[in-house]
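Asker: Each chain, written out:
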Amino acid sequence: MNLESLYQEIILDHYKHGRGKGLREPFDAQVQHVNPTCGDEITLRVALHDAVVQDISYAAMGCSISQASTSVMYELLNGKPLGEVWPIHEAFVKMIEGRGKVEPDEDVLGDGIAFAGVASYPARVKCALLGWMAFKDATVQALGKDYT
Amino acid sequence: MNLESLYQEIILDHYKHGRGKGLREPFDAQVQHVNPTCGDEITLRVALHDAVVQDISYAAMGCSISQASTSVMYELLNGKPLGEVWPIHEAFVKMIEGRGKVEPDEDVLGDGIAFAGVASYPARVKCALLGWMAFKDATVQALGKDYT
Amino acid sequence: MSPLDVATLRKDFPILSRTVRNDRDLVYLDSGATSQKPAVVLDAERDFYETRNAAVHRGAHQLAEEATDAFEMARATIAAFVGGHVSEVVFTRNATEALNLVAYAFQNATADAGPDRFVLEPGDEILITEMEHHANLVPWQQVARRTGATLRWFGVTDDGRLDFDPSMITDRTKVVSLTHQSNVLGTINPVAQVAAAAHEVGALVVVDACQSVPHMPVDVHALGADFIAFSGHKMLAPTGVGVLWGRADLLAQMPPMLTGGSMIEQVFMDHSTFAAPPQRFEAGVPNIAQAVALGVACDYLTDVGLQAIHEHEVYLTGLALEGLAGLPGIRIIGPTDLADRGGAVSFVADGIHSHDLGQVLDDSGVAVRVGHHCAWPLHRRFGVAATTRATFYLYNDEQDVAALVEGTKRALEFFA
Amino acid sequence: MSPLDVATLRKDFPILSRTVRNDRDLVYLDSGATSQKPAVVLDAERDFYETRNAAVHRGAHQLAEEATDAFEMARATIAAFVGGHVSEVVFTRNATEALNLVAYAFQNATADAGPDRFVLEPGDEILITEMEHHANLVPWQQVARRTGATLRWFGVTDDGRLDFDPSMITDRTKVVSLTHQSNVLGTINPVAQVAAAAHEVGALVVVDACQSVPHMPVDVHALGADFIAFSGHKMLAPTGVGVLWGRADLLAQMPPMLTGGSMIEQVFMDHSTFAAPPQRFEAGVPNIAQAVALGVACDYLTDVGLQAIHEHEVYLTGLALEGLAGLPGIRIIGPTDLADRGGAVSFVADGIHSHDLGQVLDDSGVAVRVGHHCAWPLHRRFGVAATTRATFYLYNDEQDVAALVEGTKRALEFFA
Ligand SMILES: Cc1ncc(COP(=O)(O)O)c(C=O)c1O
Ligand SMILES: Cc1ncc(COP(=O)(O)O)c(C=O)c1O
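Protein chains in written order, with the numbering used here: chain A, 1 to 148; chain B, 1 to 148; chain C, 1 to 416; chain D, 1 to 416.
Excised from the complex, chain A in its bound form:
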């Protein structure tokens, strides 16, 4: 691994130009997640309608990896029905936690495969997953609200 394969162009681009940034209304659930080692944090909102992700909005403070991965997540998941969302989510988490041994599927992950290099840097795994874990948490909460 070298620096360039960790910080691919696409990551630096998402880092500098985050997609979907900001906290928007309406939303069904809001969560705050932190990375306890470096203090990075994200506030993330999810709006659902008929099991479709209507909006993911967020305000985050963090490193390039965490910022970019949240931005890529926005592009990948926003507007999609949950049935399509979970396979992508799972594939992303699997790749990141795969210690470089999981072959990512570009058809499923799109730009997300740019983060494959993170898997070789265990200390950055939490960075890459910060937004994704917040999304999962918020969506589960939103669903809970829906059905109770």
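I should point out that these hints are in silico values taken from the structure, not numbers from a laboratory.
Glycine residues also receive a C-beta, built at the ideal position from the N, C-alpha and C atoms.
Please note that the accuracy of each hint is not assured.
Just the calculated beta-carbon pair ranges, DEER-fashion [what the hints assert, rightly or not]: (1) C:Thr51 to B:Glu9: 57 to 65 Å; (2) D:Arg24 to C:Val40: 47 to 55 Å; (3) B:His17 to D:Thr51: 38 to 46 Å; (4) D:Glu121 to B:Lys21: 30 to 38 Å; (5) B:Ala59 to D:His199: 43 to 51 Å; (6) C:Glu406 to B:Lys145: 51 to 59 Å; (7) C:Gly329 to D:Glu121: 57 to 65 Å; (8) D:His199 to B:Lys21: 50 to 58 Å; (9) C:Thr157 to B:His17: 35 to 43 Å; (10) A:Glu106 to D:Arg24: 27 to 35 Å; (11) D:His221 to C:Gly202: 25 to 33 Å; (12) D:Gly155 to A:Lys21: 33 to 41 Å; (13) D:His199 to A:Thr43: 29 to 37 Å.
Below, a list of computed lysine-lysine pairs in the DSSO-like style, where the Cα atoms sit at most 27 Å apart [what the hints assert, rightly or not]: (14) C:Lys11 to B:Lys16; (15) A:Lys94 to A:Lys126; (16) A:Lys21 to A:Lys101; (17) A:Lys145 to A:Lys21; (18) A:Lys101 to A:Lys145; (19) D:Lys409 to A:Lys16.
Guided by the hints, dock chains B, C and D with the ligands onto chain A, whose structure is given.
Answerer: Just chains B, C and D with the ligands now, with coordinates in the frame of chain A:
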């Protein structure tokens, strides 16, 4: 060091025929000391009069070393004025804690020098001092009572 | 017959080739206090320092990543060793700290009006046994005193078995804590049976597995335990590392005992929130190298085979009981049959204090333990102040047992 | 100029000859997190296991005697190292546990209506600082909450110095706990001055000496401390051992935190009495080999010279501050002068997160720490989430500092 120099005849004799055993009246102070590692214990009484040790009486449960050293202590200290008692006491403790490097003085310690070998067995130091520490404690208490 | 090839195993333990007292071969029969270490474990510890030493979970550099990997892989190995999940293994200094950690969960939850499961009130009962090591007794005395709960205990029968009286387990019982194998008697307790009764009334079950995990196959779920505690130094690993295994859902509810770095989620000057287990219970830079080496010790034990180790120890115990029975004035404290029994043989000799007996054994090169072995109330139960205890492990053989019997005979003669 | 012959010292540290990431030489600038270990310390630890391993204070056999000797001699060495008495040194796992031990003395004494000195009541105040490591912050939050006492703190000035306001020390102040040297800012605090003010009102003084004892001469009496805590792993010793030094008369009054074997005087089923310090605070089989090795580490440091080590680190710090000042957009968090300052240099770079900066440094072979370094409130105070921190020790040299500056430059370019 070998077993015979640790367990000298004189020690085995004092162990089998403890001098001054039993708890007697009158007394000025009574203490109970234990050896927390093996559970050995001693109850010891001191009677003082005019700064002279009138009686040391005791009930003890313990190994040959602790039993014999208390018996030897009885012989060495009982009936003596405190002015003579403390130098003997100090010399005995010094020898036992001396790790085999302190040359014992037979003129001061009498039969007590039989315990010189204990100094080479650190785990037995507490055994050899059980009665002696109880005596010191009881005497200090008795003196405190005298002068307050 | 022993299922182990002891002669070959002994070569792995450098210390066993030293001599003691006037050039006697060392006969080490004190593994119940602490075990000796094979070279492979010492190599692992040293290798960690020479190649990967860094603070874990804190750095983003390569050394820190490698150190964290080694540490977390050891956790996974140890979890598998006892049939638990990796997130259920907490590293402590020793079993004593592990047991205190559970006891403090009750004390602190009660002080904080925390999760019900851990809150104790006057009338609630903590149930232990009369054969407990001080490590599984004194912490519960403290908790009982500070919460107002009552400490009760099962007795011990004359032949050294647990006097299990199910009627003592009632709705008032909130926690049952007992040893899996007595470090004095050798008795293996029917933990699963006790645990089932305890769970029926909703009590939590803590198992002091100090003398079982190193010596026989232990599976936390088969035991029915909610927590188990054990020490690395008793199972071929370095000093300075112990383990608390706890059921995930319980650890998740428990307040930490120690607080500080690496166990937090967020920290402000006036309050903090805490990380998920196991990190919540590992404040500060942990005993990293020791944990890594403990992982290697588990692998070594697994390779030798825990069932074989147990059978080997039972075999030696049989020989020892037989040999000692042949000497005059020897009384065994503990079962004299081999059913549900591990390799600890404690005894007293008529008219000879155990300190003196142990001294003669030491002079013969035989290292045993004398005293109350941190089980003072148990000794009181048997009306003795102290016993002489021989404990066996995978590196002991028939000759060691013969040396014990021979040395005891010498002591009887010496003090006759 | 440095007073040390670093090239020669480096040969003592096996790990320093390894390479990282694509064959870069390792530049280890994370000693503030944990230090590397010289061979002589690793030898001592291994030698203990290979020649004298036994449980201390428990056995009467020769191994146990030798192990106990080695352990207690290490205690004496460490006591002398900080100017204390041997009976005042308590072995813990790390500094975090040592600080918790003191905090629990207050919590438990309060729960037990114990010795006045340690009882806290609503209205009483615990005084710390805004630059504390979580280890000297979170335990006091817990104590305050559980006793009803109030937690207060001295602030930090813009240039990273303690904002010492003597008027905050009042009759209500029961304990003042502060770091000797900040692990983030490098600031050395005027502990003696604070301690004098605290003692005037009868408050106890706890010093977190984690970053001072390894790096400069420390004398507990000159400091005026009642307790000091430090970690072995930060001073060339193994992981898994730390020290609490406490004034004898205070330790004598303190209830134990952990209970179990070896810390008792007498044990009955329903109550126990405890041994005198330091044993009272060392429950269970201790981290023996680690303590022995810590003694050897102290000897090694004494041989090199603590004053020389301090001067060496100040020299490197000067070079680092100078080198970083030459780069655009770098802000130092902490004093930029060298007065009362040790070898921790923390900084932020405009527009680059410290995690990213650290990654480029790592790729250059330079191991630094990124994040809040367990001092989150201090980072909040400076309006940053995280910093990049380089820390120096006796084995670092001018080239290491140059690599830090060079690597930082590379990061600035990479993320430009
Ligand atoms: C100032 C300070 N205090 C406390 C600690 C905690 O030390 P440990 O994690 O070894 O307990 C550290 C190091 O992490 C420190 O730098
Ligand atoms: C049954 C039992 N419980 C607890 C302990 C305490 O272990 P440690 O001293 O390693 O904490 C021991 C060993 O001393 C033991 O044998």
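Asker: Are the hints correct? Go through all of them and say.
Answerer: Now the hints, each set against the structure:
In this structure, Thr51 of chain C and Glu9 of chain B meet the distance hint of 57 to 65 Å, their C-beta atoms being roughly 59 Å apart. The hinted window of 47 to 55 Å between Arg24 of chain D and Val40 of chain C is violated, with their beta carbons roughly 31 Å apart. Between His17 of chain B and Thr51 of chain D the beta carbon distance is about 41 Å. The supplied range of 38 to 46 Å therefore holds. Checked against the hint of 30 to 38 Å, the pair Glu121 of chain D and Lys21 of chain B fails, with Cβ atoms roughly 51 Å apart.
For Ala59 of chain B and His199 of chain D, the hinted distance range of 43 to 51 Å is satisfied, since their beta carbons lie about 47 Å from each other. Between Glu406 of chain C and Lys145 of chain B the beta carbons are some 53 Å apart, a value that agrees with the proposed interval 51 to 59 Å. At roughly 60 Å, the beta carbons of Gly329 of chain C and Glu121 of chain D sit within the given window of 57 to 65 Å. In this structure the supplied range 50 to 58 Å holds for His199 of chain D paired with Lys21 of chain B, their Cβ-Cβ distance being about 51 Å.
Distance hint check for Thr157 of chain C and His17 of chain B: the Cβ-Cβ separation is about 38 Å, which falls inside the suggested range of 35 to 43 Å. The hint said 27 to 35 Å for the Cβ distance between Glu106 of chain A and Arg24 of chain D, and at roughly 32 Å that hint holds. The hinted range of 25 to 33 Å is not satisfied by His221 of chain D and Gly202 of chain C, whose Cβ atoms lie roughly 54 Å apart. The hinted window of 33 to 41 Å between Gly155 of chain D and Lys21 of chain A holds, with their beta carbons roughly 34 Å apart.
With their beta carbons about 46 Å apart, His199 of chain D and Thr43 of chain A fall outside the hinted range of 29 to 37 Å. Taking the CA atoms of Lys11 of chain C and Lys16 of chain B, the gap is near 45 Å; set against the 27 Å cutoff, the hint is violated. As the CA atoms of Lys94 of chain A and Lys126 of chain A are separated by approximately 13 Å, the hinted pair is consistent with the 27 Å bound. Annotation: proposed proximity of Lys21 of chain A to Lys101 of chain A is violated, straight-line Cα distance about 32 Å (limit 27 Å).
A hinted pair counts as satisfied when its Cα atoms are at most 27 Å apart, and Lys145 of chain A with Lys21 of chain A qualifies at roughly 24 Å. Note on Lys101 of chain A and Lys145 of chain A: the hinted pairing is violated, with a Cα-Cα distance of about 38 Å set against a maximum of 27 Å. Using a Cα cut-off of 27 Å, the hinted pair Lys409 of chain D and Lys16 of chain A holds, with the two alpha carbons roughly 20 Å apart.
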